[in-house]
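Novice: Just need the whole structure built from these sequences, with the hints factored in.
There are 2 protein chains.
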Amino acid sequence: MTTNLSYPLINHSSQMTVSGRVKLDELAAHLGLSKSTVSRALNGYSDISPVTRARVEKAARALGYRPLSHAQAIRTGQVRAIAMVLNSEEPDQHNPFLQDFLAGACQAASSLDWTMTISTATSEKDTLKVLSRLYQERKADGFILPRTAVKDARIGLLRSLDVPHILYGRTGYGQPNKWDETSWFDIAGESAMRNAVLRLNEFGHSRIGFVGSDPKFNYAHLRRDGYAEGMQAAGLPLDTDLIREGARTREDGASQGRALMALECPPTAIVFATDLAALGFCADAQDQGFEIGRDISVIGYDGVPECQYARPALTTFSVDSRKAGQRLATLLIQQIQGADPSTLQELVDATLVTGGSDGPPRLTPEELAQKRQYLTNQKRGDLT
Amino acid sequence: MTTNLSYPLINHSSQMTVSGRVKLDELAAHLGLSKSTVSRALNGYSDISPVTRARVEKAARALGYRPLSHAQAIRTGQVRAIAMVLNSEEPDQHNPFLQDFLAGACQAASSLDWTMTISTATSEKDTLKVLSRLYQERKADGFILPRTAVKDARIGLLRSLDVPHILYGRTGYGQPNKWDETSWFDIAGESAMRNAVLRLNEFGHSRIGFVGSDPKFNYAHLRRDGYAEGMQAAGLPLDTDLIREGARTREDGASQGRALMALECPPTAIVFATDLAALGFCADAQDQGFEIGRDISVIGYDGVPECQYARPALTTFSVDSRKAGQRLATLLIQQIQGADPSTLQELVDATLVTGGSDGPPRLTPEELAQKRQYLTNQKRGDLT
DNA sequence: CAATGCACCGAAACCGGTTTCGGCAACAAA
DNA sequence: TTTGTTGCCGAAACCGGTTTCGGTGCATTG
Numbered sequence: 041m042t043t044n045l046s047y048p049l050i051n052h053s054s055q056m057t058v059s060g061r062v063k064l065d066e067l068a069a070h071l072g073l074s075k076s077t078v079s080r081a082l083n084g085y086s087d088i089s090p091v092t093r094a095r096v097e098k099a100a101r102a103l104g105y106r107p108l109s110h111a112q113a114i115r116t117g118q119v120r121a122i123a124m125v126l127n128s129e130e131p132d133q134h135n136p137f138l139q140d141f142l143a144g145a146c147q148a149a150s151s152l153d154w155t156m157t158i159s160t161a162t163s164e165k166d167t168l169k170v171l172s173r174l175y176q177e178r179k180a181d182g183f184i185l186p187r188t189a190v191k192d193a194r195i196g197l198l199r200s201l202d203v204p205h206i207l208y209g210r211t212g213y214g215q216p217n218k219w220d221e222t223s224w225f226d227i228a229g230e231s232a233m234r235n236a237v238l239r240l241n242e243f244g245h246s247r248i249g250f251v252g253s254d255p256k257f258n259y260a261h262l263r264r265d266g267y268a269e270g271m272q273a274a275g276l277p278l279d280t281d282l283i284r285e286g287a288r289t290r291e292d293g294a295s296q297g298r299a300l301m302a303l304e305c306p307p308t309a310i311v312f313a314t315d316l317a318a319l320g321f322c323a324d325a326q327d328q329g330f331e332i333g334r335d336i337s338v339i340g341y342d343g344v345p346e347c348q349y350a351r352p353a354l355t356t357f358s359v360d361s362r363k364a365g366q367r368l369a370t371l372l373i374q375q376i377q378g379a380d381p382s383t384l385q386e387l388v389d390a391t392l393v394t395g396g397s398d399g400p401p402r403l404t405p406e407e408l409a410q411k412r413q414y415l416t417n418q419k420r421g422d423l424t
Numbered sequence: 041m042t043t044n045l046s047y048p049l050i051n052h053s054s055q056m057t058v059s060g061r062v063k064l065d066e067l068a069a070h071l072g073l074s075k076s077t078v079s080r081a082l083n084g085y086s087d088i089s090p091v092t093r094a095r096v097e098k099a100a101r102a103l104g105y106r107p108l109s110h111a112q113a114i115r116t117g118q119v120r121a122i123a124m125v126l127n128s129e130e131p132d133q134h135n136p137f138l139q140d141f142l143a144g145a146c147q148a149a150s151s152l153d154w155t156m157t158i159s160t161a162t163s164e165k166d167t168l169k170v171l172s173r174l175y176q177e178r179k180a181d182g183f184i185l186p187r188t189a190v191k192d193a194r195i196g197l198l199r200s201l202d203v204p205h206i207l208y209g210r211t212g213y214g215q216p217n218k219w220d221e222t223s224w225f226d227i228a229g230e231s232a233m234r235n236a237v238l239r240l241n242e243f244g245h246s247r248i249g250f251v252g253s254d255p256k257f258n259y260a261h262l263r264r265d266g267y268a269e270g271m272q273a274a275g276l277p278l279d280t281d282l283i284r285e286g287a288r289t290r291e292d293g294a295s296q297g298r299a300l301m302a303l304e305c306p307p308t309a310i311v312f313a314t315d316l317a318a319l320g321f322c323a324d325a326q327d328q329g330f331e332i333g334r335d336i337s338v339i340g341y342d343g344v345p346e347c348q349y350a351r352p353a354l355t356t357f358s359v360d361s362r363k364a365g366q367r368l369a370t371l372l373i374q375q376i377q378g379a380d381p382s383t384l385q386e387l388v389d390a391t392l393v394t395g396g397s398d399g400p401p402r403l404t405p406e407e408l409a410q411k412r413q414y415l416t417n418q419k420r421g422d423l424t
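One line per chain: the protein sequences are A and H, in this order. Numbering of the first sequence is given in my numbering, commencing with residue 41 and proceeding in unit increments. Numbering of the second sequence is given in my numbering, commencing with residue 41 and proceeding in unit increments.
If you are wondering where the hints come from, they were derived from the structure by calculation, not from laboratory data. Incorrect hints may appear among the rest.
Copies of one chain are not kept apart here, so a pair can be met inside one copy or by any two copies together.
The list that follows gives simulated cross-link-like pairs (lysine-lysine, DSBU-like), each with its CA atoms no further than 30 Å apart [claimed, not checked]:
(1) Lys165 x Lys63
(2) Lys169 x Lys256
(3) Lys169 x Lys98
(4) Lys169 x Lys63
(5) Lys98 x Lys165
(6) Lys191 x Lys165
(7) Lys363 x Lys169
(8) Lys411 x Lys98
(9) Lys165 x Lys256
(10) Lys169 x Lys75
Specialist: Dropping the structure here:
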């Protein structure tokens, strides 16, 4: 019958090399070698003569041979993949970082012939479930744990399961030597905050406030400490009235900043632990009639893109997320391949990106308080 | 010796069930069944008695049995993973979308017990290489192709390799029936643009400009056409002077919008194909002294977070990226499992999010031109 | 010349699942 | 009773690689 020709009758010899994958068997047959020899040649075993190895490698390239990763995995136990689980329900997602971060991590992984799988979870508990499922099914050989908390259940889980993992950020604030055994990569937020204070002090500010982030995250404590260190280094008194915490969103930043501005003796400069909070404050303060960078100086942290598009542009300490991803992936893979986790710890500095949001104080705290009073009255007048 | 007790000596019987994985063998032995029976019971074969199946499933749950995905893959040929390759060097990355998009895609994949692996490439060519490597090694069973171009090499490659794939966006603009065989999911940017024009017309605008995106992307054409349709539906003439293209960044948006404003008879409203371009224009126009939403109305498209933090907030057509990711993953998995690609095509509308960036025109085009002249002179005055 | 060592390679086991195939019991039909 | 069926399960092959182990052939040594 010649009716059923919807499926082509072509593909005789060519098909095998075009669409059909070459497998180890076929490569070996093509070379007149056994598949064990070919496998060992490709995997760098020493009991293969240099001539044979070269011949095998050449043929493999020519035929476009690529081992199936899961076929190797079944014997080696490694899938050559790392994974990261994001908590998609966090109010302040690491939104803008993600693209860069992934670019860095993927690039590093790819260059070592590894891949990156990602997953999302809806809660802290769900994260644990996803992590263990991923590892149980061996979708990944190790994990990057972003946004480490002071007390982080993920670390306990993975450590008890003896699964390789690396932290983006440190953990165990206040518990000395807590993170000695785990590997991590982090940006030195503490020294950035310290430098922010010193910079403001050089501008002439002496009353400098701080708006921190959620204390459940480890970085929140480090940055607050950095601010305190900076104050100390500048020889300024540490006034607890000037320290606020728990600002995660723009709205938080606005309200916490507003609280600082409402002090009897308000700060002429505020350091924010995150750009988001800083941006929220700036918008709100401008609405009230304050001039950012003149009436009140602001410095943020993170380096989100919005900083440069805000007006005035926000002075901030920018984090190189791409590099972070790249280093984290690299270090994690090293760990999976046997490196001692305690040797895989890196601390990198953020870089200052100046905008117009900070500068010499135009007003003293007292004058600022007066302006605040004036603006409030004016607004009240508007309403009536 | 009692010295080397840093490593615990516990883990006798418990170890096997806690940290050690149970494998099929062990589960079968535990049940007194053969592993083939257990496997078929878990995979829904019909030649297993209901009683046995229930017993197996219960035991599997109790022992926490989870098959190694790569061990299954070696026989089934499927790794239960989908992948997406991002081009990390694009000037306008789909930054803010990514987090939501991934959340949607991962959630959909997870709920079907699939995973999502992502990778980045540095160029169009590199993307092709990464795609084929990923598939050669069977890191994924299919791919999501984001940001489809009019003529997209990725589609050709995957189609020729007979690899399942789904497009985020359509392709082949101008070549009818071009995308009939491929599955895709897209947001109806054309109807959004159309509605944007109609909305502005209802406000009273009759001279409405358009700033489009890079014509290499398929959506750029669709959105432009949508704008044209809107003009036609509103009974307005289609003036090619009012149409600009190729704005990918904020800066592009600013300069293209500026060009429209420089017309003898400038538009009193501009529809932008992307929020980024719209935001760039708004900032620039404000710098010049124009009042957004009064002097000139602006509508964007995408729904990036910055829209609501801009002042005035940008009226835009918001894309539900999470849903997009979710649908794309779902459809792709269906396709991998045998569904006909041509039946897997979905078009969803964007939703209007109003801000203060548009409204009734305060000035006629002539008056706007005068204001422009005035502002220019004033600025010139400033400089001297 | 026999014995030893070494470089190099092939045969076969192995990894942890899936799938094919055949067999045994029980039951129905002849 | 014999002869199919049918329901249910086990043995073994299989997937595509990796790794172990043993065995050549050749050079070296005593």
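Novice: Next, verify each hint and record whether it holds.
Specialist: Going through the hints against the structure:
no.	hint	in the structure
1	Lys165 x Lys63	between (42 Å within a copy, 26 Å between copies)
2	Lys169 x Lys256	within (21 Å within a copy, 42 Å between copies)
3	Lys169 x Lys98	between (45 Å within a copy, 19 Å between copies)
4	Lys169 x Lys63	between (36 Å within a copy, 19 Å between copies)
5	Lys98 x Lys165	between (50 Å within a copy, 23 Å between copies)
6	Lys191 x Lys165	within (14 Å within a copy, 44 Å between copies)
7	Lys363 x Lys169	both (29 Å within a copy, 23 Å between copies)
8	Lys411 x Lys98	neither (77 Å within a copy, 71 Å between copies)
9	Lys165 x Lys256	within (15 Å within a copy, 44 Å between copies)
10	Lys169 x Lys75	between (40 Å within a copy, 27 Å between copies)
The structure fails to meet hint 8 from the earlier list, while all remaining hints are met.
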